[in-house]
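J.: Keeping their order, the protein sequence lines are chains A and B. Residue numbers for the first sequence follow this note's numbering, so the first one is 32 and each next one is one higher. Residue numbers for the second sequence follow this note's numbering, so the first one is 18 and each next one is one higher.
Everything labelled a hint here was simulated from the structure, so no lab data went into it. Cβ coordinates follow ideal geometry from the N, Cα and C atoms, glycine included. Treat each hint with caution, since some may be false.
As the list claims (entries may be wrong) - Mimicking BS3-like on lysine-lysine, the simulated pairs with C-alpha atoms at most 30 angstroms apart in a straight line are:
#1 B:K114 - B:K87
#2 A:K114 - A:K46
#3 A:K109 - B:K114
#4 B:K114 - A:K75
#5 B:K114 - A:K102
As the list claims (entries may be wrong) - Simulated restraints on C-beta separations:
#6 B:A95 - A:P112: 44 to 54 angstroms
#7 A:K102 - B:A85: 38 to 48 angstroms
#8 B:P56 - A:K114: 24 to 34 angstroms
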Amino acid sequence: EAGVAQSPRYKIIEKRQSVAFWCNPISGHATLYWYQQILGQGPKLLIQFQNNGVVDDSQLPKDRFSAERLKGVDSTLKIQPAKLEDSAVYLCASSLVGFLAGGLYNEQFFGPGTRLTVL
Amino acid sequence: TQLLEQSPQFLSIQEGENLTVYCNSSSVFSSLQWYRQEPGEGPVLLVTVVTGGEVKKLKRLTFQFGDARKDSSLHITAAQPGDTGLYLCAGGGATNKLIFGTGTLLAVQP
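All chains should be modelled from the sequences, with the hints used to inform the complete structure.
T.: Encoded structure:
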């Protein structure tokens with residue numbers, strides 16, 4: 032079974048430029064997540080999709096970040112304009128379970144991430 | 018806001034030593050997961066615990082979920098260089114969302 036694919040793996044841009052990341056989740060996974068991970072820290076959820084609808088984007092800086100999952104499969108995360116503090120690894124994950132019901136849990140499968148450096 | 022604090026933040030040990038990583042919160046979680054992340058890769062799930070007081074063993078790794086389902090620990094016996102990585106706990110709740118801990122960076126020296 033193919034894993035979560037992300038591209039590009041690395042990106043270096045100057046501040047105020049724009050950048051886009053792409054994610055292809057595992058086939059059949061309804062839920063897709065974008066995380067931001069600062070080096071050595073735990074991932075922070077930016078946005079969660081259920082099929083092509085947004086479930087949670089409470090921590091997404093909406094003045095500069097946007098994300099879409101138009102057909103409920105692939106997703107794109109965009110930053111415009113980028114700031115120095117956006118330098119991080121951007122992880123995409125997908126999972127099978129749509130909503131939990133007592134005793135269930137979801138296992139998230141992660142892609143390798145995109146390392147963004149903003150100069 | 019739900020927070021998961023991990024300790025220690027960094028750990029450097031010699032091959033063959035034992036270690037314990039702690040994951041603590043003031044919030045109750047319905048499930049607690051542990052992930053390991055190697056450089057340049059995404060986190061990979063090691064184990065999920067869902068019952069308070071539950072203990073799970075995975076070869077040299079032992080995971081425990083606190084009775085109150087607010088904390089967890091990961092114990093590694095006879096650590097090996099291949100255990101090196103970032104260990105992350107993650108709490109699950111009523112929604113299909115995980116709250117990740119602050120992370121513990123482990124280095125096992127040969």
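J.: Hint check: K114 (chain A) vs K46 (chain A), CA-CA at most 30 angstroms. Holds or violated?
T.: OK: K114 (chain A) and K46 (chain A) at ~5 angstroms, within 30 angstroms.
J.: Against the 30 angstroms threshold, does the CA-CA distance of K114 (chain B) and K102 (chain A) hold or violate the hint?
T.: Holds - the C-alpha atoms of K102 (chain A) and K114 (chain B) are around 21 angstroms apart, at most 30 angstroms.
J.: Measure nothing beyond the straight line between the CA atoms of K109 (chain A) and K114 (chain B); if it is 30 angstroms or shorter, mark the hint as holding.
T.: holds (22 angstroms)
J.: Given the hinted pair K114 (chain B) and K75 (chain A), is their alpha-carbon gap at most 30 angstroms?
T.: holds (11 angstroms)
J.: Does 38 to 48 angstroms hold as the CB distance between K102 (chain A) and A85 (chain B), or does it fail?
T.: holds (43 angstroms)
J.: Need the status of pair K114 (chain B), K87 (chain B): alpha-carbon distance at most 30 angstroms?
T.: holds (16 angstroms)
J.: Quick one: are P56 (chain B) and K114 (chain A) within 24 to 34 angstroms, going by C-beta?
T.: holds (25 angstroms)
J.: With respect to the beta-carbon atoms only, verify the hint that A95 (chain B) and P112 (chain A) lie 44 to 54 angstroms apart.
T.: holds (50 angstroms)
The structure fails none of the hints (numbered hints given earlier).
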